[in-house]
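There are 2 protein chains.
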Amino acid sequence: MPEKFYSKDNIRFLLHEVFPIAELCKRERFKEHSVESLDMIIEAADSMSVNHLRPILTEMDNKPPYLENGKVKVHPKMGGLMKTFGEDGWISMAAPYEYGGQQVPFTVFQATGFMMGAANYSTIAYPFLTTGAAHLIESFATKELQQIYIPKMFSGEWQGTMALTEPGAGSSLTDIVSTAKPTDKGYYLVKGQKIFISCGDHDACDNFVHLMLARIEGAPAGTKGISLFIVPQQRPDKNGNLTFNDVNTAGIFHKMGYHGAPIAHLMMGEANDCHAWLVGEPHKGLSYMFQMMNEARVGVGCNAVSIASAAYYNSLEYANVRTQGRKITEKDPLKPQIPIIEHADVKRMLLFQKAIVEGSLSLVFEATTCLDNVATLTGEEKETNFLILELLTPIVKSYPAEMSILSTSTALQCFGGYGYTKEYMAELFFRETRIHTLHEGTTAIHGMDLLGRKVMMQNGKATILLMTRIMEDIEAAQKYEGLKAYAGALAEKIMKLQEVTMHLVSVAQSEGPEVYLSDATLYLELFSILAIGWQWIKQGIKVEELKEAGTKAYSAEFLQSKLYALQYFFEYEMPKTEALIIRLKSNNHVTVIAKAEEIL
Amino acid sequence: MPEKFYSKDNIRFLLHEVFPIAELCKRERFKEHSVESLDMIIEAADSMSVNHLRPILTEMDNKPPYLENGKVKVHPKMGGLMKTFGEDGWISMAAPYEYGGQQVPFTVFQATGFMMGAANYSTIAYPFLTTGAAHLIESFATKELQQIYIPKMFSGEWQGTMALTEPGAGSSLTDIVSTAKPTDKGYYLVKGQKIFISCGDHDACDNFVHLMLARIEGAPAGTKGISLFIVPQQRPDKNGNLTFNDVNTAGIFHKMGYHGAPIAHLMMGEANDCHAWLVGEPHKGLSYMFQMMNEARVGVGCNAVSIASAAYYNSLEYANVRTQGRKITEKDPLKPQIPIIEHADVKRMLLFQKAIVEGSLSLVFEATTCLDNVATLTGEEKETNFLILELLTPIVKSYPAEMSILSTSTALQCFGGYGYTKEYMAELFFRETRIHTLHEGTTAIHGMDLLGRKVMMQNGKATILLMTRIMEDIEAAQKYEGLKAYAGALAEKIMKLQEVTMHLVSVAQSEGPEVYLSDATLYLELFSILAIGWQWIKQGIKVEELKEAGTKAYSAEFLQSKLYALQYFFEYEMPKTEALIIRLKSNNHVTVIAKAEEIL
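Residue numbers (my numbering), protein chains in the order written: chain A, 1 to 600; chain B, 1001 to 1600.
Hints are computed from structural coordinates only; laboratory data are not their basis. Where is the CB? At the ideal position from N, CA and C, for every residue including glycine. Keep in mind that the hints are not guaranteed to be accurate.
Here are a few chain A residues that sit away from chain B, every Cβ distance over 12 Å (derived from the structure) [unchecked claim]: (1) Glu43; (2) Asp46; (3) Tyr97; (4) Asp175; (5) Lys181; (6) Phe290; (7) Glu427; (8) Met456; (9) Thr468; (10) Ala520; (11) Gln560; (12) Tyr568.
Among chain B residues calculated to face chain A with C-beta under 8 Å, some are [what the hints assert, rightly or not]: (13) Ser1287; (14) Lys1327; (15) Leu1438; (16) Leu1517; (17) Asn1588; (18) Thr1591.
Could you build all of it, start to finish, from the sequences and the hints given here?
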């Protein structure tokens, strides 16, 4: 039996039934595509995952990147992979035709990322960082810059990166100190250091295109003085020849996992010869970044689900073959041992993972559908999708990231003592996924984004739009006996969430913003559980519809399995909201009141 | 500032105020000791931890053990350390004088283990496994065997191990297949393989004394046919000369963390020349093991707290020095950044860790106090302590083990992106602690032990005794304004726990044992949260008493910090019981009903 790290049936179920790509194919932007052609892309991603990415996962883990003579060395297969990612269109797939892309729906693009990430997370950092960086250039840079950089990036020859973080500016991007000095030759001279730059240097590409934040000399303090630049490691002249651009690799960070991709510490302009080209207007760098961040953040959430999916199928396979113990009612020690999946607690651990993985992946596609809608709809419909996406972004980034830690930990637990050893891959997935609550904004940052900005923006319009959508699905679910109670429970929780929000708003008024936001992380968790509950209701409706229609497209076990995972989510995860609500309504503000010196 | 990995003030607070060792010193067994002499042992453990164990932690992590020519090689300092552990009495401390021990209270012995484990968990596996193995020999083996083995074990020359697990018998010990064939020379010939044997072979000791479970030929099937043997790697003759005893090291397991100690795969009797000496009576091996398991399991819980403590102080120190961002109310980007401990969410993450670490450590000492009481009291008092210990054992083993995963993960989160890198030790602690929910019984096993055996034994006598103790403390807490509400909340939860238990008993009657035990893991978590809440109430009472008495022994910040952690626990952790109660009272039994083939 070949190793499984995602369910192709589930991807099909989500993309054909819950978020039908057939609908997207009707839009002008996607009219060259059909369900069949998009399915072929999914098949190609599967082949890439199985044949090229997964086979080198363990090797990559065992041999992390290293720095040799100022150059980062990565797995020897990575160079060939980057060519494939480029030539076969994985990097450019979602981009417009005019830039060499194929205008594939973002939802399908993300699905390929999910599959390849489940196979080998590190390998996809390279192409998809390039996609993100190229997208910034597409959206905000001059035609001239676009022509220089985008083709080389889409071909996989040049690596794109996001160069934001500095030693003193991580969560607080406002504190960036890298400088850019204008010259009269059309470029700027930048100086500064950037840390944690994923794929910031390696030997699998010929050049590196850093999308770098810096302050133009004399710029205003704070976020309003940050500009965005293209800073190549090697600068191309008019003939395409490359000259070293004074971008040095000071070091790489040794990490707990995610060993296949290097994270570099870069020094720009040590010799005062680092040329940089402004993207868009001065001082607007952060706003450009923010416009791209929704995609990047959905991507991080998706990566976290990928790894949890890999861990889930890994543990599911083990649970079906590993025998240990007998049924509680079986007292005869001479009877053979049973597969551990027969034990209720092991089923609990498996259903937990399935509920997290498939609930979260559904939410990822909810978000990418919004992205596709924003790109293809107009007027109020576009606005609605944009606002809902804004609201969902902190959730779709953070919930999978946080839960993937628990989900991979649970997978590891299914292996018993073996889970802690390198005999199996459970420990690898557990190490690998731990990065996702940290990069692209920590969970705390997203909690504050949700409660401090998104919930209240435009007088709560986004929240109202989202709740309306959820209530529609709740209503649709009411007619199915197996969903009724859970749909009702979700409706009740939605009311309670609104009460909590009102309570917090009153706290904001009486106690100020610090108290208001002090438990934003918990508020994010509460909101997230409801969002995933909603996704399970949506999936449940489709399962019931398919059953009613007597579908042959999915096995009875597949459909039943979905309903069990739905039940699991509502029986075991949804009750956690009660604990969060109790806390969020409490008037004790110990985390605000306690002074630093009183935490010992 | 020297690195801190535990709070000596907290150890003093627990051992002087909450679980007063002065009381223990009044007992006959401990009469040679005084608070001062026991404090000196704690000081010595601190010195050992700081000067000898912590300095090699990172080195050990970077260079895991390896197998060379059939022999396991460990860190070169380990040999000297084992001599020190032996010569300075760390191995034998708690043993009776007649065996060369010092009759130190188990509570103090465990405190030294806590400290040394926080410094470097792997290093203490060697001595404390030896202690546990020697204790089995003390309790059940013949005088002759005791004289041969115990002195060499206590001196640190010979390593003791627990050789239980086999490839097909992990959680299900009843399935052990190793055999023992009687001879007419007083020994048995054993044959079999044992896996996951911590410190099962290495070059820091001269010999290995495996306490091995095997079946005597013709023994009954199941747990009633398992016997316990001493199986040395080298067998000593009458003159103390060692002969190879046909115990081969087939391999070692490469692990995610806990790199300082090897876990071996051993082959006994491949050449039919593995001599083994029966401990106690035939077929009673498992019952002997169980009699020792309380100590071992308290030890595992304590080790999990150790690592969480190390991670907590590591992150606390970082939070005090790392600057990032400004107060939410501070809009001026030119104002300097503030230490991250000033942010409410960081304080939340620190108080979470503190509440877990200090609440769990308190529960560890609650359990060791029971052990000391069992060893020194008689009649009903002894019985009461024994029963409460039996009940607490699955909790004190599992709650710290489970929560240490979350606590070290939270420590890592405090470091932001740096937490994922090897620049700091957060990732090491996160990897290190993950073993504790697996060894000495997985969490599921302990859940079933609690709900399936302990809660109901002797018609629930242990539960009643424990609840009576808790209610006494709740009553004592009622007179303090700052504790009243929390004491009341705990009392209410105790009632709810009883309701849940009654509900489950009725489920057992109507639906049978499989449904009854299907959520035993959740029941364990529920019970555990109440147990830790109790420990916080106990600590709160002592804080209030000390404040009333105008203590100079503890700083005002120390006492305030305790109260904040107590508040945190009741505000953020205690509400989680509501979610568990909802689930435990549900009539949906999805984890029982779902068939293996319906989990896809």
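For which of the previously enumerated hints does the structure constitute a violation, in increasing order of number?
4, 7, 10, 11, 12 and 13
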